[in-house]
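Student: Below, each chain spelled out in residue letters.
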Amino acid sequence: MLLALLRFRLRRDRLQLVVWALSLAALLAITASAMTTTYPAVADRVGVLRVALVTPALLVLRGTPQGASLGDITVFEIATFQALLVGLMSTFLVVRNSRAEEDHGTAEALAATAAGRALPTIATLLEGVVANVLAAAVSALALIAGGLPVAGSVVFGAALGAAGCAFVGLGLLVAQVAPTGRSANGWCTALVLGAYALRGIGDATGTPHPQDATLTPGWESVLSPIGWVQSVRPYAADDLRPALLALVVGALAAAAALAVQRVRDLGEGLVPERRGRAEASGALAGPIGLAARLQRGSVIAWGIGAVLLGALGGDLATLVLGQLGSTPGVTDAMRRLAGPGSGILDGFIVVIGAFVGILAAAIAVQGAMRLRQEEVSGGADAVLSGGVSRVRWFLSIVLVAALGAAAALVLAGLAAAAAALAVRPDGSAGTFGAWFGTIVWQLPAVLVLLAIVALVFAVAPRASIPVGWLVLAAAAFLGEFAALLDLPQWIRDLAPFSHSPAVALADPSFAGAWWMTALAVAITALACVLVRRRDVAA
Amino acid sequence: MTPVIEASGLTKRYGRVIALDRLDLQVRPGEVHGYLGPNGAGKSTTIRILLGLARATSGTVRVLDGDPWRDAARLHRRIASVPGDVALWPALSGGETIDLLVRLRGGDLRSAEYRHRRAELIEAFRFDPSRRARSYSKGNRQKVALIAALAHPADLCVFDEPTSGLDPLMEAVFTREVGALAARGSTVLLSSHILSEVERLCDRISILRAGRIVETGTLDELRHLTRTAVSFERGQLTESMLAGIPGVHDLAIAEGRVSLTLASDAVAAALPALGALEVTGLQVAPPSLEDLFLRHYGDEPVSA
Chain L
10 MLLALLRFRL
20 RRDRLQLVVW
30 ALSLAALLAI
40 TASAMTTTYP
50 AVADRVGVLR
60 VALVTPALLV
70 LRGTPQGASL
80 GDITVFEIAT
90 FQALLVGLMS
100 TFLVVRNSRA
110 EEDHGTAEAL
120 AATAAGRALP
130 TIATLLEGVV
140 ANVLAAAVSA
150 LALIAGGLPV
160 AGSVVFGAAL
170 GAAGCAFVGL
180 GLLVAQVAPT
190 GRSANGWCTA
200 LVLGAYALRG
210 IGDATGTPHP
220 QDATLTPGWE
230 SVLSPIGWVQ
240 SVRPYAADDL
250 RPALLALVVG
260 ALAAAAALAV
270 QRVRDLGEGL
280 VPERRGRAEA
290 SGALAGPIGL
300 AARLQRGSVI
310 AWGIGAVLLG
320 ALGGDLATLV
330 LGQLGSTPGV
340 TDAMRRLAGP
350 GSGILDGFIV
360 VIGAFVGILA
370 AAIAVQGAMR
380 LRQEEVSGGA
390 DAVLSGGVSR
400 VRWFLSIVLV
410 AALGAAAALV
420 LAGLAAAAAA
430 LAVRPDGSAG
440 TFGAWFGTIV
450 WQLPAVLVLL
460 AIVALVFAVA
470 PRASIPVGWL
480 VLAAAAFLGE
490 FAALLDLPQW
500 IRDLAPFSHS
510 PAVALADPSF
520 AGAWWMTALA
530 VAITALACVL
540 VRRRDVAA
Chain V
495 MTPVIEASGL
505 TKRYGRVIAL
515 DRLDLQVRPG
525 EVHGYLGPNG
535 AGKSTTIRIL
545 LGLARATSGT
555 VRVLDGDPWR
565 DAARLHRRIA
575 SVPGDVALWP
585 ALSGGETIDL
595 LVRLRGGDLR
605 SAEYRHRRAE
615 LIEAFRFDPS
625 RRARSYSKGN
635 RQKVALIAAL
645 AHPADLCVFD
655 EPTSGLDPLM
665 EAVFTREVGA
675 LAARGSTVLL
685 SSHILSEVER
695 LCDRISILRA
705 GRIVETGTLD
715 ELRHLTRTAV
725 SFERGQLTES
735 MLAGIPGVHD
745 LAIAEGRVSL
755 TLASDAVAAA
765 LPALGALEVT
775 GLQVAPPSLE
785 DLFLRHYGDE
795 PVSA
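Read top to bottom, the protein sequences are chains L and V.
In terms of the working numbering, the numbers along the first sequence are unbroken and rise by one, the last being 547.
In terms of the working numbering, the numbers along the second sequence are unbroken and rise by one, the last being 798.
If you are wondering where the hints come from, they were derived from the structure by calculation, not from laboratory data.
Honestly, I wouldn't trust all of these hints.
[As the list claims (entries may be wrong)] Label pairs and their computed distance ranges (CB to CB):
1. L/ARG543 x V/ARG751: 37 to 45 Å
2. V/GLY633 x L/ALA118: 44 to 52 Å
3. V/SER753 x L/ALA118: 41 to 49 Å
4. L/ASP112 x V/GLU784: 56 to 64 Å
5. L/ARG471 x V/VAL708: 49 to 57 Å
6. L/ALA118 x V/ALA748: 55 to 63 Å
7. V/GLU784 x L/LEU479: 47 to 55 Å
8. V/GLU715 x L/GLY195: 53 to 61 Å
9. L/ALA118 x V/PRO532: 22 to 30 Å
10. V/GLY633 x L/ARG471: 30 to 38 Å
[Claimed, not checked] Reference listing, derived: stretches of chain V covered by chain L, where coverage requires no fewer than 3 residues with Cβ under 8 Å from a Cβ of chain L:
11. 524–531
12. 730–741
13. 745–757
[Claimed, not checked] List of simulated lysine to any residue pairs, SDA-like, C-alpha gap at most 20 Å:
14. V/LYS632 x V/ASP649
15. V/LYS632 x V/ALA676
16. V/LYS632 x V/HIS687
17. V/LYS632 x L/PRO65
18. V/LYS632 x V/ASP561
19. V/LYS632 x V/PRO662
20. V/LYS632 x V/GLU525
21. V/LYS632 x L/GLU282
22. V/LYS632 x V/ARG549
23. V/LYS632 x V/ALA606
24. V/LYS632 x L/VAL69
25. V/LYS632 x L/ALA109
26. V/LYS632 x V/TYR608
27. V/LYS632 x L/GLU277
28. V/LYS632 x V/ILE616
29. V/LYS632 x V/ASP744
30. V/LYS632 x L/VAL142
31. V/LYS632 x V/ALA581
32. V/LYS632 x V/GLU665
33. V/LYS632 x L/SER405
34. V/LYS632 x V/ALA674
35. V/LYS632 x V/LEU615
36. V/LYS632 x V/GLU607
37. V/LYS632 x V/ARG620
38. V/LYS632 x L/ALA118
39. V/LYS632 x L/LEU318
40. V/LYS632 x V/ALA585
Ideal placement from N, C-alpha and C gives every residue a C-beta, glycine not left out.
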């Protein structure tokens with residue numbers, strides 16, 4: 010029975026599990042080989058790590074410097090991010106197969122069979138463990154393939170898998186406690202990001218040892234499952250005790266989850282769902298108010314990311330001016346990203362601007378995908394059966410998506426400028442205009458992406474959501490990597506972000522921005538016409 | 495008087511599937527019109543076209559003297575609808591959803607009349623407006639749509655199987671409210687496959703089969719199309735004596751009882767003959783809607 014359930018789960022999730030495993034492996038392999046080519050000599054690596062040791066923002070984003078071997082610097086670069094991904098994979102997996110199923114009612118169908126209530130949860134737990142064993146194995150193989158020592162690579166994989174198992178247990182517990190499946194996902198995201206931030210604080214406040222390029226992290230790292238991956242110190246110490254701790258914590262949390270399940274009703278969390286308002290507020294006055302309410306969560310989540318990234322960019326600008334700026338490889342890469350003739354700082358501002366633009370595009374594209382979600386869920390029917398025309402309904406959602414993205418850009422621009430001026434009040438880390446202008450002028454490119462997805466919704470509604478993610482991923486990839494990978498110019502030109510005005514440069518060209526704005530308006534108008542002509546899907 | 499709903503030759507294709515096949519439908523002002531048909535006959539497709547959510551492939555359709563596809567937004571201020579499968583926004587509470595739906599139809603949330611009706615309906619349907627919609631059962635989701643539809647007056651109410659998730663007590667509340675709507679002069683289109691509900695509520699009925707209207711008229715008119723069932727105890731009666739009753743069809747004898755059917759307009763003519771035979775335990779059952787229904791759908795049992 011248990012095996013049958015586990016087989017069913019694995020069969021249903023197989024594509025997701027494989028995609029996760031391959032993505033994790035690819036990320037590691039790329040990082041390992043990039044380290045080998047970028048910093049071939051020990052002296053290069055020691056230089057970069059010493060810069061990192063005195064730059065808290067970099068320590069937060071990367072990890073604990075643990076030495077200067079190729080393995081060490083790979084772990085420094087990618088371990089925490091990798092553990093973050095494994096944490097998200099693990100918690101989403103268990104929530105999807107426990108509470109989310111209860112919300113859909115499928116859990117009830119299972120619980121009514123001889124499987125009962127506990128067995129499906131145990132099957133989910135086992136599936137989580139299987140997913141992490143897979144992630145650990147492919148990670149180790151990717152590192153070995155990247156030319157790193159076998160023993161350290163295996164230890165890294167094991168540490169990663171153990172942390173993933175801790176998140177499986179914790180996610181299972183959260184899923185039992187949270188009021189709904191959706192809120193359980195939110196809590197889990199906060200849990201994983203919290204674990205990442207906690208060890209970030211630990212790394213930023215740790216004690217640096219510049220002579221051997223290592224750092225003793227602060228006590229905060231000890232509280233974080235992601236910190237445990239780092240304290241295994243693969244390649245440097247291969248100390249598996251923290252990984253064991255992760256497994257124990259995962260097992261205890263899973264046991265607690267099963268205990269909670271014994272006392273709670275199916276479909277009800279330990280924490281009751283907050284009651285809503287009995288009456289609508291003035292804000293929920295029509296299709297725009299509704300669109301704002303529906304997109305609020307995604308705007309806030311991506312918006313926080315954009316603001317943090319902007320602030321981080323402003324804060325890191327001094328680093329570019331200092332030691333990192335004189336590293337030949339870095340200067341070169343920056344110049345290729347930002348265009349010829351740009352100074353190293355201007356180039357940096359342009360790169361950060363494009364990154365923030367991608368986060369804003371995520372708001373816009375997710376907003377456009379909401380059109381399809383509303384059509385499928387029946388929400389569109391309810392609005393359109395009220396006194397709202399198809400075009401007004403369509404434009405309300407598109408408008409809110411555009412405004413949400415614009416607000417995120419403005420706030421991120423302000424945050425970046427404030428951070429840059431805080432470290433260098435004289436504007437030598439970038440003026441207010443350079444930072445704010447560069448980030449805010451990403452809006453036309455964002456609007457083009459929004460309009461494309463809205464048009465797909467009008468023409469081929471079923472494709473809206475896959476095309477939405479694809480467009481976003483392609484724009485991000487082309488915007489950030491096309492130049493580094495030496496792709497042909499016409500492919501680079503496809504990415505809207507490559508046409509954003511580089512306000513930080515001496516003589517920026519705004520023609521691209523106006524063209525893109527006109528294009529976005531034209532595509533949206535066309536989508537309006539087409540949306541009027543087709544049926545609302547039943 | 496112009497009909498509130500008038501469709502003629504209405505056809506809707508989804509690819510190769512013909513959902514509606516040259517359908518004619520007329521709903522007069524002020525009537526409660528029952529729209530009957532089994533699952534898949536095209537009831538919901540018709541309603542989606544009437545609400546301008548889908549466009550007819552061919553044929554003409556007028557609702558409240560407008561084109562439901564082109565004038566959808568204007569017409570919907572005068573139409574209240576309850577879909578068969580009520581979908582709600584999971585994060586909104588039931589009360590918020592009711593208010594939003596009424597506002598979308600142009601209702602004023604602050605008017606004393608609305609506030610009174612809303613409170614009255616919430617009380618009558620025993621509905622908790624503060625819970626989030628994701629936690630509502632099917633019945634509670636239907637209550638949200640029903641309260642929103644009934645709390646703000648409309649010239650036309652379109653209900654698509656509105657009571658399929660309600661318990662008998664709540665069904666009674668719904669019946670009362672539909673009566674009130676009719677008394678106020680609203681027109682109601684009630685799609686259903688619950689025959690007793692339609693029999694109880696509707697002035698006129700259209701029966702739909704495979705995308706076409708096969709019967710339309712008042713219940714009385716439709717009854718003329720079928721036969722009245724008569725049964726009595728056999729006693730000492732012989733087959734030849736029974737054959738003397740005028741207009742007899744489907745004569746059968748089982749378990750000591752005689753059963754036969756009479757054309758509905760031939761019942762009066764047959765009564766003297768029955769009296770002469772001095773039959774005992776006589777039962778005369780007028781044709782039920784179920785009989786009408788079964789006549790059009792063959793021998794398959796109708797699930798209510």
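Student: Does each hint hold? Answer for all of them.
Tutor: Hints and how they fare:
| no. | hint | verdict |
| --- | --- | --- |
| 1 | L/ARG543 x V/ARG751: 37 to 45 Å | violated, 59 Å |
| 2 | V/GLY633 x L/ALA118: 44 to 52 Å | violated, 20 Å |
| 3 | V/SER753 x L/ALA118: 41 to 49 Å | holds, 45 Å |
| 4 | L/ASP112 x V/GLU784: 56 to 64 Å | violated, 39 Å |
| 5 | L/ARG471 x V/VAL708: 49 to 57 Å | violated, 35 Å |
| 6 | L/ALA118 x V/ALA748: 55 to 63 Å | violated, 44 Å |
| 7 | V/GLU784 x L/LEU479: 47 to 55 Å | holds, 54 Å |
| 8 | V/GLU715 x L/GLY195: 53 to 61 Å | holds, 59 Å |
| 9 | L/ALA118 x V/PRO532: 22 to 30 Å | holds, 26 Å |
| 10 | V/GLY633 x L/ARG471: 30 to 38 Å | holds, 31 Å |
| 11 | 524–531 | violated (count 0) |
| 12 | 730–741 | violated (count 0) |
| 13 | 745–757 | violated (count 0) |
| 14 | V/LYS632 x V/ASP649 | violated, 27 Å |
| 15 | V/LYS632 x V/ALA676 | violated, 26 Å |
| 16 | V/LYS632 x V/HIS687 | holds, 17 Å |
| 17 | V/LYS632 x L/PRO65 | violated, 54 Å |
| 18 | V/LYS632 x V/ASP561 | violated, 32 Å |
| 19 | V/LYS632 x V/PRO662 | holds, 15 Å |
| 20 | V/LYS632 x V/GLU525 | violated, 28 Å |
| 21 | V/LYS632 x L/GLU282 | holds, 19 Å |
| 22 | V/LYS632 x V/ARG549 | violated, 28 Å |
| 23 | V/LYS632 x V/ALA606 | violated, 30 Å |
| 24 | V/LYS632 x L/VAL69 | violated, 48 Å |
| 25 | V/LYS632 x L/ALA109 | holds, 18 Å |
| 26 | V/LYS632 x V/TYR608 | violated, 25 Å |
| 27 | V/LYS632 x L/GLU277 | holds, 17 Å |
| 28 | V/LYS632 x V/ILE616 | holds, 16 Å |
| 29 | V/LYS632 x V/ASP744 | violated, 44 Å |
| 30 | V/LYS632 x L/VAL142 | violated, 41 Å |
| 31 | V/LYS632 x V/ALA581 | holds, 9 Å |
| 32 | V/LYS632 x V/GLU665 | holds, 14 Å |
| 33 | V/LYS632 x L/SER405 | violated, 29 Å |
| 34 | V/LYS632 x V/ALA674 | violated, 25 Å |
| 35 | V/LYS632 x V/LEU615 | holds, 18 Å |
| 36 | V/LYS632 x V/GLU607 | violated, 28 Å |
| 37 | V/LYS632 x V/ARG620 | holds, 15 Å |
| 38 | V/LYS632 x L/ALA118 | holds, 17 Å |
| 39 | V/LYS632 x L/LEU318 | violated, 44 Å |
| 40 | V/LYS632 x V/ALA585 | holds, 16 Å |
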